[in-house]
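Number of protein chains: 2
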Amino acid sequence: MAKKIKSAPTKRSVAPKKTKSHKPVILITNDDGITAPGIKNLVEAVKDLGKIVVVAPDKPQSGMGHAITIGQPLRLHKMHIFEDVESWACTGTPVDCVKLAVDKILHRKPDICLSGINHGANHSINVIYSGTMSAAVEAAIESIPSVGFSLLDYSIEADFTGARKYVRIIVEKMLKAKLDKHTVLNVNIPASPVELLKGFKICRQAYAKYEEDFIERNDPHGRHYYWLTGEFVNFDKGKDTDVWALANNYVSVVPVQFDLTNYTLKAQLEKSWK
Amino acid sequence: MAKKIKSAPTKRSVAPKKTKSHKPVILITNDDGITAPGIKNLVEAVKDLGKIVVVAPDKPQSGMGHAITIGQPLRLHKMHIFEDVESWACTGTPVDCVKLAVDKILHRKPDICLSGINHGANHSINVIYSGTMSAAVEAAIESIPSVGFSLLDYSIEADFTGARKYVRIIVEKMLKAKLDKHTVLNVNIPASPVELLKGFKICRQAYAKYEEDFIERNDPHGRHYYWLTGEFVNFDKGKDTDVWALANNYVSVVPVQFDLTNYTLKAQLEKSWK
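Respectively, the protein sequence lines represent chains H and U.
Take the position in the first sequence, starting the count at 1, then add 2; the result is the number in my numbering.
Take the position in the second sequence, starting the count at 1, then add 2; the result is the number in my numbering.
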């Protein structure tokens, strides 16, 4: 018999509300899991800007894209890992975390949702595979302006100094700007010392992708398996892309949308596919 | 010790090639799993239009979005479930299936990739959560024109007559049209008798989404859990949307793109975020 674990509050519990000083409610999540250094750095970078609530996966969820959990139940466990910050570990995907946070923990839409700081790049096509960015997109679908942050350094010991500086700059801008409620920004930070960063650039998503390959081996029982790997290739020579900005020591900021309609092709097919 | 199971061919094996009649190579996948009636109907609908190769998940993968498998190995198992059609069950996600098919089974890009026929709707925002559509988008990222097909009927005993008719119409158009290699179409078919279907309509993605709720219960061990549910709400009153078309007995065809840049917001931020 499993021991009882404290679960998330029900609708009758007191939900976080704006304090007397009207501090914004900031929901924080990620895809590397609640114990990753990246989310700790994100919490610390914005802690004084609002009432922070963390709802993040209980294990790494990189590459989960916009996956949601349909076929099995989800659980929430109260954590005590950030000083003076309400935090919950969720057994689901990053997108599940956003859905559960809004519906079962906050019982309201937060003023903003922040995701990350991801350990590793989410520029160009990575926006589609990334759990970090999918959590941010999910928030925007739910009418919550959001930002996903990623540092171009996979290391568990990455230096988040530059990332924290730009997290703060961008979150302060977002909170002041009163942007559309469906706004999503994909922010990537070069893995350079903070003094070398040249500022941020508003960019478009580069057409750059992985040229796939799979490592093929046999397991200890003689059965064949494949393991995804791949080489990143940039096919896009534009100087207005996130890949260009990052290569030139700018923080890249790509505004993202969830209307996937290809309007150019739509117009073309309306004429030619009668 | 696990018994040996025949695995996918290595690079030295003979890959499917265009036959003397230059039949197109058609890759077929889905997210409901290789044993679902929907994929069987898709195979049968297009079987004579080219050389068919099926690579599909070995279990249901609905709601997996664009998830890829990074943290564990993948396996391929040769199946014999479609008459005279090469088919492989893959332990990964729909997107993994496309990657493995191109890289390790076909050893070339197929001429077209078809995904589905999904049991249930993938119109409007569902395009983002859908494994069916994510497989099609992955193909287009890899420069393979693709179509995802979904029937608005979840039932395992759904009637695919109308769906098969429009699969054939659209695949024949795609094969003739010489569309851009990054073309993706999201095709949804109403769950109406074939004689009531009025034809297809080129549409945009409706802004319609699920108003989330989670069922809360205790498991047999007294531990609390949440299970995703939700009510579909259409916020979009446009008559040019997929939701409108389907409600009016048209097959909806939405051209989809994977450049998620919000260019309107990009222009706005370039001016205001100096």
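Source of the hints: derived by calculation from the structure; they are not laboratory data.
Be aware that one or more of the hints could be misleading.
You can't tell identical chains apart in this list, so a pair holds if it fits in one copy or across any two.
[As the list claims (entries may be wrong)] Each computed DSS-like pair below joins lysine-lysine, with the alpha-carbon atoms no more than 25 Å apart:
| no. | residue 1 | residue 2 |
| --- | --- | --- |
| 1 | K42 | K53 |
| 2 | K53 | K203 |
| 3 | K61 | K180 |
| 4 | K61 | K276 |
| 5 | K273 | K167 |
| 6 | K25 | K268 |
| 7 | K111 | K200 |
| 8 | K276 | K203 |
| 9 | K42 | K239 |
| 10 | K175 | K268 |
| 11 | K273 | K239 |
| 12 | K175 | K273 |
Keep in mind the model is a prediction, meaning the values are calculated, not measured.
Verification of the supplied hints:
1. K42 x K53: Within one copy only: 15 Å inside a chain, 52 Å across chains, cut-off 25 Å.
2. K53 x K203: So K53 and K203 fail the 25 Å test inside a copy (28 Å) and across (47 Å) alike.
3. K61 x K180: neither (33 Å within a copy, 44 Å between copies)
4. K61 x K276: Neither, since 50 Å and 38 Å both go past 25 Å.
5. K273 x K167: between (50 Å within a copy, 22 Å between copies)
6. K25 x K268: neither (44 Å within a copy, 28 Å between copies)
7. K111 x K200: For K111 and K200, the Cα distance exceeds 25 Å both inside one copy (34 Å) and across copies (41 Å).
8. K276 x K203: Between copies only: 9 Å across, 43 Å inside.
9. K42 x K239: Answer is neither; intra-copy 35 Å and inter-copy 42 Å both fail.
10. K175 x K268: Result: close only across copies, 15 Å inter versus 35 Å intra.
11. K273 x K239: between (32 Å within a copy, 23 Å between copies)
12. K175 x K273: Between. Shortest inter-copy distance 14 Å satisfies the 25 Å Cα cut-off; intra-copy 43 Å does not.
In this structure, the hints that do not hold are numbers 2, 3, 4, 6, 7, 9, in rising order.
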